[in-house]
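There are 2 protein chains.
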Amino acid sequence: MKIQLLTYPDMTLLDMVGPLQVWSLWPGAEVELVWKSTDPVPTDCGLPVVPTRSFADASETTDILFTGGGLEGTTRAMADPAVIEFMQSRGETAQWVTSVCTGALILGSAGLLQGYRATTHWMALDALSNFGAEPIKERWVIDRNRATGGGVTAGIDFGLALMAEVAGEDIAKAVQLGLEYAPQPPFDCGTPEKASPEVVAAVGKLFEGA
Amino acid sequence: MKIQLLTYPDMTLLDMVGPLQVWSLWPGAEVELVWKSTDPVPTDCGLPVVPTRSFADASETTDILFTGGGLEGTTRAMADPAVIEFMQSRGETAQWVTSVCTGALILGSAGLLQGYRATTHWMALDALSNFGAEPIKERWVIDRNRATGGGVTAGIDFGLALMAEVAGEDIAKAVQLGLEYAPQPPFDCGTPEKASPEVVAAVGKLFEGA
Numbered sequence: 009m010k011i012q013l014l015t016y017p018d019m020t021l022l023d024m025v026g027p028l029q030v031w032s033l034w035p036g037a038e039v040e041l042v043w044k045s046t047d048p049v050p051t052d053c054g055l056p057v058v059p060t061r062s063f064a065d066a067s068e069t070t071d072i073l074f075t076g077g078g079l080e081g082t083t084r085a086m087a088d089p090a091v092i093e094f095m096q097s098r099g100e101t102a103q104w105v106t107s108v109c110t111g112a113l114i115l116g117s118a119g120l121l122q123g124y125r126a127t128t129h130w131m132a133l134d135a136l137s138n139f140g141a142e143p144i145k146e147r148w149v150i151d152r153n154r155a156t157g158g159g160v161t162a163g164i165d166f167g168l169a170l171m172a173e174v175a176g177e178d179i180a181k182a183v184q185l186g187l188e189y190a191p192q193p194p195f196d197c198g199t200p201e202k203a204s205p206e207v208v209a210a211v212g213k214l215f216e217g218a
Numbered sequence: 009m010k011i012q013l014l015t016y017p018d019m020t021l022l023d024m025v026g027p028l029q030v031w032s033l034w035p036g037a038e039v040e041l042v043w044k045s046t047d048p049v050p051t052d053c054g055l056p057v058v059p060t061r062s063f064a065d066a067s068e069t070t071d072i073l074f075t076g077g078g079l080e081g082t083t084r085a086m087a088d089p090a091v092i093e094f095m096q097s098r099g100e101t102a103q104w105v106t107s108v109c110t111g112a113l114i115l116g117s118a119g120l121l122q123g124y125r126a127t128t129h130w131m132a133l134d135a136l137s138n139f140g141a142e143p144i145k146e147r148w149v150i151d152r153n154r155a156t157g158g159g160v161t162a163g164i165d166f167g168l169a170l171m172a173e174v175a176g177e178d179i180a181k182a183v184q185l186g187l188e189y190a191p192q193p194p195f196d197c198g199t200p201e202k203a204s205p206e207v208v209a210a211v212g213k214l215f216e217g218a
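Protein sequences, first through last, are from chains A and B. Those letters in the first sequence? Residues 9 to 218, per the numbering used here, in order. Those letters in the second sequence? Residues 9 to 218, per the numbering used here, in order.
No wet-lab data here; the hints were simulated from the structure.
Same chains, same label: a pair holds when it works inside one copy or across any pair of copies.
Simulated pairs of lysine to aspartate or glutamate, EDC-like, Cα-Cα distance not exceeding 20 Å: (1) K10 with D65; (2) K202 with E177; (3) K202 with D178.
The following block holds chain A by itself, in its conformation from the complex (with noise of 0.2 Å):
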């Protein structure tokens, strides 16, 4: 099993984090992180991260390719035209193309959601029909070979989620006992139709501040 995770500088580090610890777990996963260098990048937590093979040396083919999302980062990942050329390439062979939050406006900028049913983070919702895809408030969609997550947190379900999709239900729940997944969140506000209008409005400020 060969992925790719795109791995860019101010990226959102849980929403690749998610994902990535519970593939790390698939019996044979080849994972590769990729970006324009092996040089260490920034990210939104202040953890710097470093790709393991840059665009040159990443593998020609993939089973999944995979994106995360975040801030002004992603606007400058959905604006550069050597990461559209590598998403391109790669979605197009690619068994699997998926992102988890907002890393779905880079997949479609690629073009790689026109006509497809997906979803990102609740902020960003509204965006997805900008690149010709459905937007579907869900945890996460699966369309044909698209799989795409909701925001950050929703990188856990949907990569359990495609794993059991992929390789069965039996890997994918002893990953999920290994990784001691029995959420208890603290409060009951994970969704704008759940929180009130107060804590809507404080998220706004503190994604200015981020």
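Assemble chain B onto chain A, guided by the hints.
Structure of chain B alone, referenced to chain A:
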């Protein structure tokens, strides 16, 4: 809010990135990722990360001291005098001494859980007694200024709960919504009590191969 996170080789990356992603949105957060040097360290899921401070350059005091867990990497850290010395020196004055997953065994080795209620990954829970701690089977445990989370994914719940305790519920709720934390695990098997005996047995094999 000064936060120091032990960033050691072969740690389980999601143990750290769960709370780190939450706490990076803490207004005024100063995050230090601390290890012996600032050379990149490998993690258990194939993504190397870069510590931002050496033990020598880390702030002498911190508000939150944190360590995540792992497999062999954690065992090595528990037996490493430089790690123990660092954890003891910061743990003595930290406002909060914290861990996720088998990070609790590192706190224990540094003598920081003696007489405290604490939790860790379900596979390691009994081992807490070796360090004079009282093992508690909960998603997270706060006992005086010790805060410990269960296995891997528990770090998100733990991170939000500690933030609510220290900074108040308003900010923690905004972060929870910002990270779209409304989990939908694909299976109901995240604890050994809920999983089938076959799934429990499969986890042992999974970690042998990891």
